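S.K.: Residues per chain, in single letters:
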Amino acid sequence: MSDQKQQLLSVRDLSLSVAHSGTSVVKNVSFDVAPGEIVGIVGESGSGKTLATRAIIALIPPGIRHAGGSIFYKGKDVLKAKDGALRQLRGGEIGVVFQEPMTSLNPSMTIGRQLEEGLVLHKKQGPSERRENILRMLTRVGLKDPAGALAAYPHEFSGGMRQRIMLASVMLLKPALLIADEPTTALDAVIQRDVMELMVELTRAEGTAVLLISHDLPMVARYTNRFVVMERGVVVEQGTTGEILTRPAHPYTRKLLSSLPFRGDVRCIDKVKAPMVSARDIIVDFPGRKSLFKKGLAKRALHGVSVDIHVGEVVALVGGSGSGKTTLGRTIAGLVQESSGEILFQGKSRKSDWFDYRMNCQMVFQDPYSSLDPRMTIFALVEEALRLVPDLTATEKKKRALDTLEEVGLGGNFADRYPHQLSGGQRQRVAIARAIARRPKFLIADEPVSALDVTVRAQVLELFSNLQKRYGFSCLFISHDLGVVEQVSDRVIVMQDGRIVEQGDRDTIFDNPKNAYTRKLLSAIPALDLNGSGGVALKWRLDPRDDEIPNNQTRRVEP
Amino acid sequence: MNRFTFNGVIGGTIIALLFVVAATGLLWTPFDPMTLSFTARLAPPSGLHLLGTDEFGRDVLSRIMVGARASVWIGVATVCFAVVAGTLIGLLSGYARGWIDSVIMAFNNALLAFPGILLALGLLAVFGANQYGIIFALGIAYTPSMARIVRGAVLSLREKEFIEASKIMGNSEFYTMFRHVLPNCLAPITVLGTSMFGWAILSESALSFLGLGVPPPAPTWGNMLAAGRPFIEQAAWLGFFPGLCIALTLLGINLLGDALRDKLDPRMKGLK
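Protein sequence lines, in the order shown, are assigned to chains A and B.
If you want the working numbering, it's the 1-based position in the first sequence plus 3.
If you want the working numbering, it's the 1-based position in the second sequence plus 188.
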């Protein structure tokens, strides 16, 4: 292989297997990264994308064994390297940014010391030179007060800021290759875009190649030159980004592309009748920290928000983290007490008949791993929802529970299983079954598909839409993912800092956003069009900040 | 048979044997455990006295059999007391939070600040030195740590979304607490409960050693162990056999407790 010399990184027939059972988890994976190039690896959970890249820096978790193949970095086989040489490689030559900014910085060390650590190990610089370099880098990643940040601890920064700091600490060492493992998955859409832009800018300036691992196909498509699609440990397709997107060859790639959220149909909603649920001037204050002598200042989470949800309507509540969308949902659900304001259910105050409201207002939570009691079977979980329903006999309840499970695609022997025996998507189906078992008139869904893989997300969304059509419940759909919102909602409400900044019909909001924040949110997701050959055309919406970039062009790094 | 069930079977067997011995001791013993015999003082284990005799010529085996009843009873009753009281207090405290939690935990922490044995000693002075007094005193001494553990588990559980889901369904706080919170606290309760059984038997012996346990001549493993101490050079069997019984019981209880915890947890199913 003559081209190995020119490639920065060259993975050849890499296989990894579970040590005790011999099950292979990564099979004959090969790909290359040229200097300065951005290469993506796309796959769902369990595809082996993270394992394969961990092998590059010889950080395979215990229990996983190298079963064959080789990894050449600058022509040398990493897998045969000695420990000392590996340590030189890690950090110094190859930098890594991990997914979880909340845990990738050491909480007990100041930012300054953490950034210094790498420099001390890999670069010969004096203390004053180091400080200067660190300050310069922190300024470049957009920290407002770099000198102050040196003495600060990680908990003083938001997730987005931490990821910037993480990026700074990696880029300080000027690595030749940056491995970014889902670097922005834990962040919300706008910040996600900012961090990605920053990463691309920094690496382009330093000539660093990037290996970007993500489940988010549009994001990978936006920033990479080439990408690799992995499924169950096997590379199913690789090629230049444009080519794969427009002419996907492998069925799995097509499935991934068709799982991307597309705009749903326009539906007719009767808005003449009184709304199903109507929240009026809701104000929510969270009490500040109390101490012995003084009451802390209350934090106002919602500043007088009014929302109407009509019969059979799906209203999406979107906004970044801290926008108050979840608080509003939880207030309407009755989990948070409003400080002032009123919530009407079918025209009457919900307080006038709380039991009736409780019977008709149900909720689907975000995290399918913690929203189901681990000690109850699937059947018991769904049946419990019917416990308080009047006018149903025990046998009817049992039948209803089984029927509902059948409806969400968990018929047969699923009833006796426990939550831990199900996948994330299946658990979310149980959560949905539990919520609709009572046939509620109103459903609140708080980020119901955020924790799911792309293809599973598409299936759950489809199930949700079908159930909504069948039972016609009204729904408040809370999500930060505008793609999902575009698919399911009839109307969109955009929130920022506890206020509604824009609301309107879905098509109006998506095609003709007025508010600057809405435009910023929309700039983070692509507009998708399916072409005839199973591929898609990605179009990025305009960001108010960079008007000079034409609408349909992505920022690319030329090799 | 995997390791978990194997341990469970061993533990179960030991505990079953213990109950058989204790039950037999109620009905029949090789010798009368109270009869003094000047001629058979400090006899080593032999065909006649299987585990030897003590300084008053009483048969050690018979005394262990009778003592088993007292020790097991004190252990079981103390643990039941501490588990029930501690769990209720912990549940209430963790679930109610606010000032109720502050008040309960202030008391609890004050009790925790005392060494358990000192607390038990003080309480025994009030209740009187008999087995009910011991059960009560030890039970009260162990309750705070159980309450603390349960409260911690409840505090982390109540933040889970399934607790909120229960609220959304309209379930009462009481129902939620016993249907969703309590069953998920079972693992720490079983682990702590089984180790408490051991502490209770040992504490009883410590109290007996200080003269505040079950008063002689009635045998318990604890006071037999204490009584054997002066003769450890001449007649090691006096301390050895009661000690062995305590150790075996602890081992059995712990193995059984671990197996029970895994058995009760549906998440362990299918994870071999």
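If you are wondering where the hints come from, they were derived from the structure by calculation, not from laboratory data.
Since we're looking at a predicted model, the values are computed, not measured.
It is possible that part of the hints are untrue.
Taking CB as the label site, the calculated pair distances span [said to hold, decoys possible]: (1) Lys-401/A to Ala-284/B: 33 to 39 Å; (2) Ser-324/A to Ala-435/B: 53 to 59 Å; (3) Ala-406/B to His-158/A: 57 to 63 Å; (4) Ser-290/B to Ala-88/A: 41 to 47 Å; (5) Leu-306/B to Arg-502/A: 43 to 49 Å; (6) Tyr-156/A to Ser-344/B: 23 to 29 Å; (7) Ser-344/B to Gly-49/A: 24 to 30 Å; (8) Ser-383/B to Gln-128/A: 37 to 43 Å.
Ideal Cβ positions, reconstructed from N, Cα and C, are used throughout, including at glycine.
S.K.: Please list, smallest to largest, the hint numbers that this structure does not respect.
M.R.: 4, 5, 8
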